[in-house]
Amino acid sequence: MSDSVPPAPHPATDSGITDEAISKRTIDGVDYIFNLMTPAPGASTGGHTHPGTIYSVVHSGALTHGLAGCHTEVIRRGEPFVDHADEVHIGRNLGSTPTVVVGLAVLPHGAPFTEAAPDPGCGHR
2 MSDSVPPAPH PATDSGITDE AISKRTIDGV DYIFNLMTPA PGASTGGHTH
52 PGTIYSVVHS GALTHGLAGC HTEVIRRGEP FVDHADEVHI GRNLGSTPTV
102 VVGLAVLPHG APFTEAAPDP GCGHR
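The number in our numbering is simply the position in the sequence shown, starting from 1, with 1 added.
If you are wondering where the hints come from, they were derived from the structure by calculation, not from laboratory data. Glycine residues also receive a C-beta, built at the ideal position from the N, C-alpha and C atoms. The reader is advised that the hints may include incorrect statements.
[What the hints assert, rightly or not] Computed Cβ-Cβ distance ranges for the label pairs, DEER-style: (1) T98 with R26: 16 to 24 Å; (2) H85 with F35: 15 to 23 Å; (3) H110 with C71: 28 to 36 Å; (4) P119 with S24: 29 to 37 Å; (5) P113 with V83: 30 to 38 Å; (6) D29 with L95: 34 to 42 Å; (7) G111 with I23: 34 to 42 Å; (8) H85 with R26: 19 to 27 Å; (9) V31 with V103: 18 to 26 Å; (10) R77 with T27: 27 to 35 Å; (11) V58 with V31: 19 to 27 Å; (12) A86 with H60: 19 to 27 Å; (13) I28 with V83: 16 to 24 Å; (14) C71 with G43: 19 to 27 Å.
[To be verified] Straight-line Cα separation of at most 20 Å, SDA-like style, residue types lysine to any residue; simulated pairs: (15) K25 with G43; (16) K25 with E116; (17) K25 with G111; (18) K25 with F35; (19) K25 with H110; (20) K25 with V107; (21) K25 with T39; (22) K25 with P119; (23) K25 with G96; (24) K25 with A69; (25) K25 with V101; (26) K25 with G53; (27) K25 with A112.
Between the sequences and the hints, there should be enough to build the whole structure, so can you do that?
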């Protein structure tokens, strides 16, 4: 098992995103990473995917979550959401205050946290 915390895992396309990996544990070839993502007002993650499933909850503020296929949802404080492996999506803070998202990433050991992907379309920015 490894307790080392990886560097900030989210290569956001916008400097208004901060990421902090707060803990990591590897068990039986699977990395479990707790992460805090904080998009400033107007910030966007850009289109991206994850190689595993990310289970998240909005801790404060609201996150506009756009998925390929033109589905968009606004996730508010206390509401959970799931990013499925290899699903192209984009997160945006369209509010006037920072949003804080707490997530648990369940990834194959050593896989990158996220990979940039083309914008899922439908006007997501």
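Tested hints:
1. T98 with R26: 16 to 24 Å: Because 32 Å falls outside the window, the suggested range is violated.
2. H85 with F35: 15 to 23 Å: Holds, since H85 and F35 (Cβ atoms, about 19 Å apart) stay within the stated range.
3. H110 with C71: 28 to 36 Å: Taking Cβ atoms as reference, H110 and C71 lie about 34 Å apart, which means the hint holds.
4. P119 with S24: 29 to 37 Å: Hint holds: Cβ distance 31 Å, inside 29 to 37 Å.
5. P113 with V83: 30 to 38 Å: violated, 19 Å
6. D29 with L95: 34 to 42 Å: The hint (34 to 42 Å, Cβ to Cβ) holds, given that D29 and L95 are roughly 39 Å apart.
7. G111 with I23: 34 to 42 Å: For G111 and I23 the Cβ distance comes to about 19 Å; the hint is violated.
8. H85 with R26: 19 to 27 Å: Cβ of H85 to Cβ of R26: about 22 Å, so the range 19 to 27 Å holds.
9. V31 with V103: 18 to 26 Å: holds, 19 Å
10. R77 with T27: 27 to 35 Å: holds, 33 Å
11. V58 with V31: 19 to 27 Å: Cβ of V58 to Cβ of V31: about 21 Å, so the range 19 to 27 Å holds.
12. A86 with H60: 19 to 27 Å: holds, 23 Å
13. I28 with V83: 16 to 24 Å: This hint holds: roughly 20 Å between Cβ atoms.
14. C71 with G43: 19 to 27 Å: Because 22 Å falls inside the window, the suggested range holds.
15. K25 with G43: Violated, at roughly 29 Å.
16. K25 with E116: Within the cut-off at roughly 19 Å; holds.
17. K25 with G111: holds, 11 Å
18. K25 with F35: Cα-Cα ~6 Å, so holds.
19. K25 with H110: holds, 11 Å
20. K25 with V107: Status holds; Cα separation ~10 Å.
21. K25 with T39: With Cα atoms ~19 Å apart, K25 and T39 stay inside 20 Å; holds.
22. K25 with P119: Roughly 28 Å between the alpha carbons, so the hint for K25 and P119 is violated.
23. K25 with G96: Between K25 and G96 the Cα gap is close to 30 Å, so the pair fails against 20 Å, i.e. violated.
24. K25 with A69: Distance of about 29 Å is beyond 20 Å: violated.
25. K25 with V101: Since the Cα atoms of K25 and V101 sit roughly 19 Å apart, the hinted pair holds (cutoff 20 Å).
26. K25 with G53: holds, 15 Å
27. K25 with A112: Holds. K25 to A112 sits at ~13 Å (cutoff 20 Å).
Consistency with the previously given hints fails for numbers 1, 5, 7, 15, 22, 23, 24, ordered from lowest to highest.
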